[in-house]
Every structure is written in C-alpha cells, then in structure tokens.
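Trainee: Build out the structure end to end from the sequences listed, making use of the hints.
Here the protein sequences line up with chains G and E, keeping their order. Mapping the first sequence onto my numbering, position 116 (from 1) lands on 116, and the numbers just tick up by one. Mapping the second sequence onto my numbering, position 321 (from 1) lands on 321, and the numbers just tick up by one.
DEER-style ranges, computed between Cβ atoms:
#1 M412/G to Q198/E: 23 to 29 Å
#2 A40/E to R296/G: 38 to 44 Å
#3 M412/G to K32/E: 49 to 55 Å
#4 N131/E to E70/G: 55 to 61 Å
#5 S46/G to D244/E: 42 to 48 Å
One side only, chain G facing chain E, incomplete, derived with CB under 8 Å:
#6 W242
#7 K254
#8 L303
#9 G351
Rather than coming from a laboratory, the hints here were simulated on the basis of the structure. Positions of the beta carbon are idealized from the N, C-alpha and C atoms, including for glycine.
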Amino acid sequence: MALSGLDIYKLLPKTNCKKCGFQTCLAFAMQLAKKAVLIDKCPFVSDDVRATLEEASLAAIRLVQIGTGENKVSTGNETVMFRHEEKFHHPTAIGFLLDDDMGSDKLSIALDEISKLNFERVGQAINVNLIALRQRSGDDGFLKAVSEVKRSSTLGLVLMPATAEALKGALEICAEARPLVYCPKPALLDGFAAVCFRMRLPLAFRAKDMGEFSAQVKRLTQQGLTDIVLDIAEYPVSERLWQLTQARRLAIKKSERSVGFPTMAIVETEDTSQAVCQAAGFIAKYAGIVLLKFRRPEHILPLLTLRQNIFTDPQKPLQVEPNVYPVGAAGAGSPVLVTTNFSLTYYTVLGEIEASRVPSHLICVDTEGMSVLTAWAAEKFTPDHITDTMTRFKLGDIVRHKNLIIPGYVAMMSGDLEEKSGWRIYVGPREASGLPAYLKNLPHE
Amino acid sequence: MAEELKYVEKWNSKINELKLGAAKADGGTRGKVFKVGNQASLPYLFKEGDIPFAPIIAAEVYDVPEDDWPQALTEDLKDVFRHPLDWAVKMVEEAGADLVCLKLQGIHPDLGGKSAKDAQGLAVALLKKLNTPMVVLGCGQADTDNEVLPLVSEATKGERLLFGDVVQENYKTLTAACIADGHNIIAESPIDVNIAKQLNILVSDLGMPQDRIIINPTIGALGYGIEYAYSIMERARNAALSGDRMLAMPFICFAGQEAWSAKEARVIEAEAPQWGNARQRGIMWEVVTAMAMLHAGADILTMRHPEAIRIVKAAIADLMRH
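Mentor: The structure is reproduced here in structure tokens:
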C-alpha cells in the first residue's frame with residue numbers, strides 16, 4: 001500500500017538537518033511520497049525504515065507481463081476496488097482457449113478468425129490479446145500446434161501443456177515470446193515452477209480457494225518465482241465472483257502479498273450466450289485475464305466494448321485531437337458543423353454525419369473532454385473558443401461559404417457567435433440522432 | 001485450523017425492500033407479486049450478506065409502436081408489436097419476462113396524441129390479461145404526463161404498480177397520485193448521486209414511504225457512457241450499505257431502450273460485415289448492457305428483445321446460485 005507524505009514523515013528523524021537537500025524532513029517526505037527522490041538521500045534513516053518504505057512502494061498486486069513487442073499484455077497492478085475511487089489500470093486481457101486436438105485445418109481457421117477480431121471504437125483500437133493452447137493430444141501433436149500458433153499469430157501465448165516434457169518442448173519453440181505457462185494439476189506445480197523460475201516466465205495455476213492459493217504462492221515465491229497468475233475456477237458464478245473480489249480486496253485492503261497477483265477466469269460454459277454473460281461479469285469484477293471458447297465478432301465486440309468502458313479513466317474522459325475533420329468526400333461547398341472533443345460526443349456526431357451520407361466538415365473544439373452542455377456551462381465551449389478554433393485551423397481556406405451549424409443545445413450562443421466569428425450561424429438538432437434528417441434538408445442550400 | 005483467508009465488509013445497513021403488485025389480501029387483484037431489494041451486500045456476494053430476491057425483468061410494451069426499430073426487433077416482434085395485449089402475453093409467457101413495462105408513448109401530442117381514456121383502458125386491459133403487476137411510463141413530455149398518468153394511476157388504484165418517471169423539476173403531481181392510489185414510483189436523476197438523493201428526499205417529503213421509491217440512475221448503452229451509470233450506482237450502493245437511507249432505494253435500469261439506440265445494435269450486416277450477424281449483435285448489445293447493470297446493482301431491468309430477455313433471465317438464475 002502506498003504511504004502518504006505524512007506517513008513517511010513519521011518514519012524520518014524529524015531533525016530538519018537538510019542533508020537530503022530539502023529544507024525540512026516534511027518536504028523530503030512529500031517528495032518521497034511522489035517518488036521524486038530516493039530514501040538514500042537521508043543518511044540517518046534505519047534499515048527497518050528503509051525496508052518499510054521499500055515494502056510500501058511495491059504494488060499491492062504484482063504487474064505480470066505476457067508476450068513481447070507491441071502485443072505485450074500487462075495485467076495486475078490494480079489499486080482500487082471501484083473505478084470511481086481512482087481508475088482501473090490494466091484492461092482485462094481477453095484470450096481464446098484452443099485445444100490442440102481440434103485438427104490443423106480447424107486450428108488455422110480458428111487462428112484466422114481470431115486475427116480478425118480487431119475493432120475501433122471512439123478512436124481507440126480495441127483488440128483481443130491472448131491465445132491459450134491446451135494439450136489434449138500427445139506431446140507431438142501439442143508441439144506441432146504450438147509451432148503453428150507461433151507461426152500464424154502475434155498475440156500473447158498461454159501454454160497449457162499436460163506434462164513437464166511437453167512444457168520443455170514447447171518452450172524450446174516459443175520461450176522468447178514470453179508465454180504465460182499454465183499448470184494443469186497440482187502434482188506438476190513444482191516442476192513447472194522450477195522451469196518458469198529458470199526461464200523467468202510467468203506461471204498460472206488453479207486452486208480451490210484463497211487459503212490454498214496463498215499457501216501455494218508462499219511456496220512458489222520462496223523458490224524464487226515472482227510472476228504468478230491465479231486461475232480462479234470454482235463455480236457457481238457467484239463463488240467465482242466472490243474469490244475474484246477476495247483476491248483483489250485481500251491484496252489492496254489487507255496488503256496480503258500471498259494473493260497479490262493478477263487473476264484469471266476461464267469460461268468453458270457450452271452455451272455461448274451464457275458464456276458471454278459470465279465473461280461480462282468477470283471483466284467488470286476483477287479478472288485480469290479472461291479466456292473464452294467462442295470467437296464470433298457479434299459476441300466479442302460487446303465484451304471488448306464493455307472492457308473499454310469499465311477501464312476508462314473516470315477522471316479523464318477520452319478526448320479527440322482538436323481539428324477540422326472532413327467527413328466523406330467533403331469539399332469547399334460542404335456544410336460545416338461544430339462539436340466538442342469529448343470522444344463519445346464527437347464519435348456519435350461523426351457517426352450520424354456518416355449515416356446521413358452528406359459530406360461535411362466537422363470542427364472539433366478543445367473542451368477538455370466535456371460534452372456540449374457541460375462544456376458550455378463550464379465556459380469551455382463559448383463563441384470565443386469556437387472562433388479561435390476556426391481561425392487556428394484556417395476554416396476560411398477550407399470552405400468557400402460562411403455557414404456554421406451548431407448543436408441545438410447551445411442555440412443561445414448563436415447571436416454572440418455570429419458577431420464574434422462573422423459567420424452565419426444555423427442551429428442544428430439537439431441530439432446527434434437528428435443530424436441525418438437535418439443534413440438532408442439543409443436550411444442554407 | 002488457521003483462520004480462513006478472507007476480507008468481509010461489515011455493512012451496517014441494507015437496501016429497502018420494494019413490493020411490486022398487490023394480491024387480493026392486500027387490496028389488489030394480482031395473482032403474482034414481486035419483491036426486490038433488501039440486500040445486505042454488494043451484488044452477488046452472498047457470503048457477505050443476505051441477498052433475498054433475484055433481479056426481475058420488465059419487458060417493454062408500447063401503446064403505439066416506434067417506427068425506427070432495426071430488423072432484429074421488427075422481425076422477432078412482427079406478430080405483436082401493433083397489439084399491446086398480445087405483445088405483453090408473448091413477452092411474459094414465451095420470453096419469460098417477469099412482468100411488462102407499459103410505455104405510453106402514444107399520449108405524446110406528436111406521437112399519436114392518444115387520450116387519457118385510451119391509456120387508462122390499455123392499462124386496465126393489460127392488468128386483466130396478465131396476473132402480474134406492471135411498470136407504467138409516460139411519454140416524457142411533462143404536461144401530458146402530468147395530465148394522463150394520474151388518471152391511469154387512479155384507474156389501477158390499489159394494484160401497487162410502479163409509475164414513472166418523476167424528475168427534480170417535475171415530481172409533485174405524479175407522486176401525489178401514486179401516494180393516493182397505493183403505487184410505487186420511479187425517481188429519475190441524470191447520472192448524479194446528489195440529485196438522486198435530493199429527489200428521494202423531495203419525494204418522501206411529500207409523504208411517499210421510502211420503500212415505495214426506486215432510483216432510475218439514467219443509464220447509457222454499452223459503448224455510450226454506460227460506465228458513468230455503472231460508477232454512480234456503485235457509489236450509491238456503497239453509501240446505502242454504509243447507512244445513507246436516502247440512497248437505500250433499489251435501482252431500475254432501462255437497458256432495452258438504451259441498447260437498441262446504439263449504432264452497434266442497429267447497423268445492418270452489409271454495412272458492418274466485420275461486426276458479425278446483425279440480429280445476434282443487437283441481442284448481445286442488449287444482453288451485455290443488462291449484465292453490466294446487474295453487476296452494478298440493478299434490481300429491475302426493462303428490456304426489449306425476447307431472446308435477450310431469455311438469455312438474461314437464465315444468467316440471473318445462474319448468478320443467484322450459491
């Protein structure tokens with residue numbers, strides 16, 4: 001748990017000797033809390049205090065990284081139970097559970113389907129992250145499938161071998177891709193852990209409750225293993241949610257290091273709709289990794305969207321770069337509309353202009369991520385702001401007319417804006433959904 | 001034996017219990033009644049506190065059909081969506097909805113201009129047809145709703161239905177009617193905990209018992225700001241379980257109407273082939289919207305597509321197993 005400046009101050013000598021370069025111990029403590037200086041600057045602090053500070057600076061939940069390069073997955077390092085308390089840091093990694101005995105034709109079709117599960121929403125790419133390959137056939141079959149997955153996919157890999165030999169063989173093929181190693185049964189745990197320790201790879205294992213996880217983690221960390229993932233597998237769903245919640249709470253609120261690791265939930269329910277429902281719950285409630293057996297886009301897109309929503313920083317709404325954006329084949333005669341740079345607002349407006357099939361220019365004003373009415377109330381979406389944006393992006397050079405459409409909710413600024421900008425102002429619909437009808441019957445054409 | 005490794009929150013309060021529907025013994029005529037709320041824990045954490053009732057689903061039924069539905073809805077509801085009574089029966093008997101949510105869209109002067117008599121007649125006929133209680137919503141235009149909803153309330157007096165919505169700027173007329181006629185009321189606030197609390201205070205100051213108020217936190221669809229309502233609900237629930245009585249009301253979430261206005265639920269397959277089957281996509285948009293709200297604490301969901309209702313109904317049963 002992170003210590004506050006005052007917590008740290010209590011541990012310092014409180015002599016204000018200035019040897020650290022700061023005027024007072026309190027000033028030094030404040031900088032320590034911000035991690036702007038190192039404790040080594042204080043020559044008088046005891047080893048005990050040093051250990052306390054180091055312990056406190058460790059994350060409550062270990063950050064585990066899987067894969068390398070641009071598709072690297074980071075999970076863990078969460079700091080709160082509820083997103084309104086701060087934010088959730090690392091979006092749940094979404095992966096696909098594939099059995100190696102599905103046959104190589106089916107495997108390559110599956111990999112192809114997975115490779116197409118990339119979407120864009122409100123200007124952000126939202127993608128799937130992992131492929132988990134589970135051994136159901138002999139070692140040869142498993143290794144062949146590992147090679148195939150490694151050759152055809154750049155996603156992070158979860159290896160689920162059935163034996164220590166299969167693990168060894170698989171790692172010869174793909175260790176440098178930094179896979180997550182999954183241990184299928186307790187009897188293999190020590191052997192798998194030894195391999196993961198030697199090769200510095202993360203290890204996932206399953207246990208029936210927090211007590212068992214804790215006991216096993218203590219053994220594994222004593223053997224030197226640092227990167228662990230807890231596979232929470234108990235059913236019914238409410239029990240799984242309980243354990244996912246417990247792992248997070250014990251780590252964050254009780255500083256219980258032995259369960260301070262990212263969690264994983266595998267959804268094997270055969271009914272796809274019910275599997276989607278379960279996965280939605282695990283994304284919302286604390287799973288670091290969710291593995292699925294279905295891969296139709298109509299099932300995956302809603303889950304990726306939910307993940308994007310839940311992991312949005314509540315203090316920092318998604319924003320669009322201010323600019324004048326052409327929509328469709330917009331030219332010098334096309335209409336010009338203005339909106340704010342709050343992503344949800346901007347992309348909703350953009351979507352409706354696209355739906356209207358009327359090529360247009362869309363001015364995106366920097367309102368610090370506020371929606372139209374909020375920005376207007378906060379004086380971030382004023383005639384001055386809009387006029388400045390029009391000048392800055394040389395709207396006069398882009399179109400040959402001087403007609404501007406503003407959102408219906410800010411109709412009250414039209415007179416003022418007309419005066420400031422010298423443009424003729426038209427009041428558009430209040431809701432973006434009214435845009436297609438409005439644009440098809442433009443008042444000024 | 002070592003102490004079990006766990007961290008249990010010690011809440012000192014619980015959510016109000018709201019009764020929906022009055023049976024003969026309670027002065028109504030309903031064969032089936034529901035209770036929601038009364039949880040002493042965050043959603044589905046049964047080991048922390050009692051969660052006596054499962055969330056329920058109210059299927060949307062319109063007096064006048066909306067004209068801009070995507071194909072997934074018009075196809076699946078084509079036999080009934082011009083016939084509210086058949087529609088209601090289908091949703092309860094075939095789709096498994098617990099009750100219906102009658103949306104009196106048609107009383108809006110621009111959307112049909114149906115009379116108060118029409119609205120009363122439909123509400124009474126629905127109650128005759130079904131043995132469940134129902135949710136009754138106005139058209140959203142304050143003057144019309146203030147004129148019509150009290151008359152519908154009077155015509156269904158004693159049945160302990162759920163009427164909505166009242167808002168901070170317009171709550172007195174409908175609240176007074178519901179108090180007089182023994183109904184429950186939906187208090188709507190614009191994704192704002194403080195306004196939710198303020199409105200609950202205003203409504204109870206008029207004399208409405210606190211256990212007859214339900215909060216509509218105003219949700220957005222999946223992908224369209226659902227996270228705002230999600231967090232508002234989590235904040236309100238935490239406050240309620242910690243003892244804030246004026247936030248201890250259950251939640252109603254309008255999942256159906258929001259989800260089906262999302263682009264992802266409406267766009268046809270030819271325009272977005274990479275998004276997969278359009279009908280399934282629309283259904284799953286509603287399902288995942290509903291699931292997110294359940295995990296934030298929803299007690300009543302209003303939903304639209306029969307298949308989405310079937311799926312979420314089964315998922316609720318799954319969540320309630322413990």
